[in-house]
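Dock chains B and C against the given chain A, drawing on the hints supplied.
Chains as they are written, first to last, in this note's numbering: chain A, -9 to 248; chain B, 18 to 284; chain C, 13 to 336.
One or more hints might be untrue.
[To be verified] Beta-carbon label-pair distances, calculated as ranges: (1) B:S106 - C:H48: 55 to 61 Å; (2) A:P73 - B:L147: 54 to 60 Å; (3) C:H48 - A:P73: 22 to 28 Å; (4) A:L112 - C:K210: 56 to 62 Å; (5) A:S187 - B:N152: 38 to 44 Å; (6) B:D95 - A:K9: 22 to 28 Å.
Honestly, the hints are just simulated from the structure, not real lab data. All of these numbers come straight from a predicted model, not from anything done at the bench. We treat Cβ as the ideally placed atom computed from N, Cα and C, and that holds for glycine.
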Amino acid sequence: MKLYLKYASIILKSQMQYKASFFMTALGQFLVSFTAFLGVRFMFARFNAVSGFTFAEVLLCFSIILASFALAECFVRGFDTFPGIISNGEFDRIMVRPRNEILQVLSSRIEFSRLGRLLQALGMFAYALHESNVEWTFDKILTLILMLTGGFFVFAGLFVVYAGLCFFTLEGLEFMNIFTDGAREFGKFPFSIYGESVLKFLTYVIPLALFQYYPFLYLIGKSDNTLYMFLPLLGMLFVIPCLLFWRFGVRHYKSTGS
Amino acid sequence: MKKYLSFFIIRLTTGLQYRAAALAGISTQFAWGGMTLLMFRAFYQYSSSAFPMTFRELSSYIWLQQAFLALYMSWYFDNDIFDSITSGSIAYELCRPVDLYTMWFAKNAAVRMSRAVLRCMPILVIAAFLPEPFNVSLPASFLSGLLFLISMIMGFLVLVAFSMLIYITALYTLSPLGIRVVATSAIEFFTGAIIPLPFFPQSIRNIVHLLPFAYIQNTPFLIYNGYISGTEMYKSILLQAVWLLLLWASGKLLMKRALKKVIVQGG
Amino acid sequence: MIELKNINKTFKAARRNAGLSEAVKALFKKEYTYIHALNDVSFTINDGEMVGYIGPNGAGKSSTIKIMSGILTPDSGECIINGRTPWKDRIAHVREIGVVFGQRSQLWWDVPVADSFELIKEIYKVDNATFNKNLNELTELLDIGEIMRTPARQLSLGQRMRCEIAASLLHSPRILFLDEPTIGLDAVSKIAIRSFIKTINKERKTTVILTTHDMQDIEALTERILLIGRGKILLDGTLSQLKKKNSTRKTLSVDFLGKISEVSHGMSISKMMDGHAEIVVETDIISVSEALSIISNQVEISDLSVTGTTTEELVVSLYREFEI
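With the rest of the complex left out, here is chain A (with noise of 0.2 Å):
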């Protein structure tokens, strides 16, 4: 922990010495989240709901699945990157040291400017808060905090599976885009609308409802099942597969020339 900060106040050093390019694409993240709000914003004042769902309430789900995917990206960032980490030959360095690799692709990228899509999810949560009749009891707050810490699990294992893809192949990589960028940009909405096949995808293959879905219906009041309360935590243990899949990974490393 203590050489996480290390690494930490050493990348912050770093982006401070650019900070107007800091700032822009802190501004870019800030952005791209709020058009995809515009965008539910203006679907909505067409249709009144979607699914049973009100636009306060997706808005909530909106923000929490933003919130935990700015986090993610935010700390798991040394993973999202990793294509590059290997190409520069950043990885071979990572290997020559005495510490686990997992914690050094960690801590080698800390990406700040993902702050400004965390400020836009806070900025929705916060209208959210004010238009949704959602009463914050002990177990509503807990089930929120759940929530944002499976998402931004369930998100970090997905990162991990990519880095894993990149020591097999550097192509088609693309593919994975649709679990992380996709899940944000679908994950607005709750997944039930997207209809019972791909939330079924989503419960058991990709457990990005178990962090989603279910417990927002909870939050909401649309179920009384505390269950659902927390599968979030088992939507937590996808990370172990992932981790796996990275350790066999790294057997398979083949470093590039020179």
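Below, chains B and C alone, put in the same frame as chain A:
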């Protein structure tokens, strides 16, 4: 022209060599398009009367959008151009016997086209065989199909001409990142890449139609699916031409002025 | 102690042919080529040795270094370094080695070098006393005291390389791998780095394994040479042995008055100008003194020098001999 053609073929060949990448790209776009349609279906089920077009028309729109994503993508900018401006190596480019505006324009267009060529056919073919109403239909009429092709090229040129303005602002400010970031978001949203323009509230739509954004991907796709029909089609294409001319002329003018400055600075 | 036994490593690479039609074909059928990067490589290096690892580009030098430093896992074979297998016991192993990749930086680009050193101290869990002792010693030996507060990106290549080497030694490793440490450096920096490596090897008894294309590095630093070509170890011996074996040729460089009209068997003129000639003598056919007397019988010699093969020539002749 020949040198631009050979550049295009080289791009295409390199693109083809990455088989897995191409397949992955196509399946990603497929999943993306499919999810978008499923999202719209939910709204359609809630109220089909509030839907500004038929669902079949929307399906055609979404699949065309995915098929020609590379032509109209908002986030593509040629980093070499920005680098040559900020590092000052643009001075060397000026020594070459080519018109810089035309060269940048051709380069941008070539990259976008070579990417689109690889991907459009497989996506359209598979999307045609999807069950109704999720499939891409034939153009609304023979005339629509013909005008769609013209309009698609026009819209593409309007976008490239617009992005040229972003490169040119870099000549003035030297730190293009901010403008680039804002422009990317604006293009993405106002061209209808996030939700099609007919889904916008009318008041905002009226404003967007006064800007060049409405004449990029919106026009050709709506001509194809028959949302724009009759004389409206000619009118929209005419407006595309007007915008193209305007953006091209202002780009050329601004570039000329900026380059004079560059040369003066260079002593 | 480093021990490699029958190490093999193969890479698979997709074959890409030129042309649009070939590219279309490749869409449906892909061909692969197998590259045997290392083929049955074995050698032993003792503690405190300094070894030059040479061979042309693509011979397998980097792959060997990467296996020894725990980055790559070989397909088969055994590698024991200080009693451990690098790729199985990576973390314990790398604590005892230092690696310098000449073409890549391990310093954090945008922060002062001192900050990078601090972070490395944390990564290797070096205690304060050792760290300060090492830091003082290294700053003095490498003369980097004044650039410690400068961000790495503002350093010249020579300054940066000195910092890179210091960074690799902060945790007092027992083995130091240097992958082309003098690449692209100016003469002054090269000499400084060579003398530093010598000192470290002598005083700390650090084992040094050096890959380089610069034969002056080899000449100045290493006694023992390992030559690798096409993934195989071709030669393992000392520089002087090699030289002796290959030094049947001497070059006579003569300034003279008059005209050399004939040379005997075993002599050949490689350069002839007015009053100056360079003559190659095959010493197994004719001795140098005999050759000299043949020349002095014909002309008045005003100046003379005899040179053996340079390391550079030696390596070229080795590469030629093994056809690599």
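Results for each hint:
no., hint, result
1, B:S106 - C:H48: 55 to 61 Å, "violated (42 Å)"
2, A:P73 - B:L147: 54 to 60 Å, "violated (32 Å)"
3, C:H48 - A:P73: 22 to 28 Å, "holds (27 Å)"
4, A:L112 - C:K210: 56 to 62 Å, "holds (60 Å)"
5, A:S187 - B:N152: 38 to 44 Å, "violated (18 Å)"
6, B:D95 - A:K9: 22 to 28 Å, "holds (25 Å)"
This entry does not satisfy hints 1, 2, 5, going by the numbered hints stated previously.
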